[in-house]
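> Each chain, written out:
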Amino acid sequence: MIGVWRSTTSHLREMWEAWNDFWFSPTDPATLGLIRCLTGAMLFYTHLVWSKGLSAFLGADGWLPNDLMAAKQNGRYFFSIFDYAQAPWLLWIIHVVALAIFFCLMIGLFSRTMAVLAWLLALSYVVRVTPGAFFGLDKINLMLTMYLMLGPCGARYSVDRLRRMRAGDDDEAPPSIFANLAIRLIQLHLCVIYLFGGLGKLMGEKWWNGTAVWFSVANVEYRSLDMTWIANYLWIGELATHATVFVELFYCCAIWPRLTRPWWLLAVIGMHLGIALTMGMMTFGLIMIIANLAFVSPETIRRFVDPIAARIARMLGAGRTEPAPMKK
Amino acid sequence: MSVDKNKPTPQRPAVKPQAARGQVGELALYWRLLISLAVVWHLFVVFIAPMSVPPTSSTVETLARLTPVRVYGDPLYLNHGYHFFAPDPVVNAVVRYQIFDSGGQKTSEGEFPSLKSQWPRLFYHRHMMLSDQADTPIDPTGRMTREQTLRVTLTAYARHLLRISPGERIDMQYLRHNVLLPNDVLQNVDPNDPRTFAEELRLSVSRRDLEAPLAGLPIIKETPPAEPIPEPAGGQP
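Taken in order, these protein sequences are the chains called X and W. Counting in the numbering used here, the first sequence runs from 1 upward without gaps. Counting in the numbering used here, the second sequence runs from 1 upward without gaps.
Just so you know, the hints here were simulated from the structure itself, not pulled from any lab data. Errors might be hidden in some of the hints.
As the list claims (entries may be wrong) - To give an idea of the interface, some chain X residues facing chain W are shown, with a C-beta separation under 7 angstroms as derived from the structure: (1) Pro65; (2) Pro131; (3) Arg166; (4) Gly168; (5) Glu172; (6) Ser176; (7) Gly204; (8) Ala218; (9) Thr283.
Idealized CB from N, CA, C, for every residue including glycine.
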């Protein structure tokens with residue numbers, strides 16, 4: 001009996017250590033910094049495009065008027081600043097401020113504060129058009145911005161860092177528990193997204209009979225590159241259909257082991273690039289690839305991004321002439 | 001491409017760099033416990049939302065509609081199904097309209113989505129979502145038919161167009177744009193051939209109706225699911 005108790009407590013202790021290690025190990029904030037920069041750019045572009053139809057999409061008498069949205073969102077605990085500020089001049093003031101905030105997040109000026117403000121504002125835009133004109137891009141934009149708030153997203157690749165360097169603080173950005181926490185949450189959220197992307201497809205006949213990719217690429221409204229030549233080689237579409245389900249369904253398992261992670265990353269990047277190029281969803285494809293950067297190690301990120309960051313720092317007259325060595 | 005070397009995986013022993021080792025404990029135990037609880041709760045809400053997309057079990061449906069789940073998930077925008085292109089790829093809809101003056105003369109016409117008039121691509125895509133999500137159920141109990149939902153939503157679209165255009169009346173058509181089959185493509189059928197469009201609804205709105213409340217909106221007391229999937233459209237190939 002004592003043996004059972006000891007092995008149980010020992011197992012539970014190991015589990016707690018593994019949990020601690022998974023969530024509370026400090027990590028280099030390089031990955032989070034790059035995700036901040038790219039998500040900021042996506043937020044800026046996504047919302048810049050709203051400029052073309054600000055009143056039409058967000059105004060009281062637009063495509064989605066207040067009474068229709070009140071019925072569609074009934075029972076939801078939603079909040080949008082645009083439910084209260086609907087005069088065109090006020091819409092534009094908020095919009096310009098929002099664009100400035102998204103730009104600041106992209107360049108990393110007052111990064112953490114900007115992440116909070118960017119999330120609140122991006123949420124206001126998307127809630128005003130949900131349901132009605134939202135899609136996957138908005139979900140991932142919001143998801144990434146939410147997790148950026150949790151960690152030191154401006155510790156690298158940011159104006160904040162440049163300002164510290166100019167002030168003579170050349171110390172490396174320290175590893176951070178909260179950078180790890182933010183990255184872990186992005187990773188697990190992605191696993192849920194792909195798992196249910198795959199499970200949802202299992203309910204559809206076309207994902208089973210291999211015709212789903214055909215019906216996606218032959219759809220005129222989505223098409224940005226004519227892929228209907230695969231009518232001559234239907235096996236290509238069928239293989240792509242099955243591969244899509246397979247990759248999405250097993251992402252949550254295959255993305256963790258060291259052996260399969262690079263392959264699964266390549267597979268999902270290929271899948272999203274394919275969707276971006278052939279189905280005209282460049283923004284959605286890019287934001288999914290940005291989210292998947294959460295599975296790339298800070299060392300790899302630094303190997304590619306540090307030289308660019310160092311060059312920009314030199315151009316702006318700050319910091320070292322060479323990138324700082326990576327801490328091992 | 002390198003993998004996350006700092007993190008342990010099931011296939012190798014955990015090897016942490018010296019910089020990281022020992023810093024796990026930097027956060028006090030009570031903070032780690034508190035954050036752990038928050039993380040478990042957060043991931044539960046992230047998971048239960050797509051799990052509750054119909055069809056689902058009554059247990060999951062009940063869990064997803066619990067007030068704490070909704071109070072947390074809705075404001076954080078976590079209530080999503082993530083069923084991208086599922087259960088089957090969508091068959092898109094196109095909305096066409098004509099606006100007439102008081103004498104019955106056509107003053108303008110248009111359609112959305114339209115690559116000719118809506119750019120950049122993301123702006124076009126927003127219009128595509130307007131037409132695609134026009135049949136997203138408003139009433140979670142299903143008391144409102146798909147046609148009633150479409151009629152209410154399209155009336156709102158028509159009113160918006162009439163407000164920003166000179167004219168007395170707008171006629172609007174909701175057309176399902178069916179996708180060509182491989183054999184059709186091999187026989188060089190035009191993907192925009194009129195036969196590929198199936199009219200699902202036609203309505204008319206006059207300027208004098210603009211100030212009236214939007215008719216047909218239900219009074220709903222039930223909680224909506226995470227992300228209602230529209231009923232299969234009649235024009236699916």
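> Taking the hints in turn, state whether each one holds.
Okay, the hints, checked on the actual structure:
Of the supplied interface hints, the one on proline 65/X holds, with its beta-carbon coming within about 5 angstroms of a beta-carbon of chain W, less than 7 angstroms. Residue-level restraint check for proline 131/X holds (minimum Cβ-Cβ distance to chain W is 5 angstroms; threshold 7 angstroms). Taking 7 angstroms as the C-beta cut-off, the interface hint given for arginine 166/X is violated, the closest approach to chain W being about 26 angstroms. With 7 angstroms as the threshold, the beta carbon of glycine 168/X stays out of range of chain W, its nearest partner Cβ sitting at about 23 angstroms, so the hint is violated.
The criterion of a C-beta within 7 angstroms of any C-beta in chain W is not met by glutamate 172/X, whose closest approach is roughly 10 angstroms, and the hint is violated. The closest approach between the C-beta of serine 176/X and any C-beta of chain W is roughly 9 angstroms, which is over the 7 angstroms cut-off, so the hint fails. Taking 7 angstroms as the C-beta cut-off, the interface hint given for glycine 204/X holds, the closest approach to chain W being about 3 angstroms. Given the 7 angstroms rule on beta carbons, the hint for alanine 218/X holds: about 5 angstroms separates it from the nearest Cβ of chain W.
Restraint check, threonine 283/X versus chain W: the minimum CB separation of about 5 angstroms is within 7 angstroms; hint holds.
In terms of the numbered hints stated before, the structure departs from hints 3, 4, 5, 6, listed from lowest to highest.
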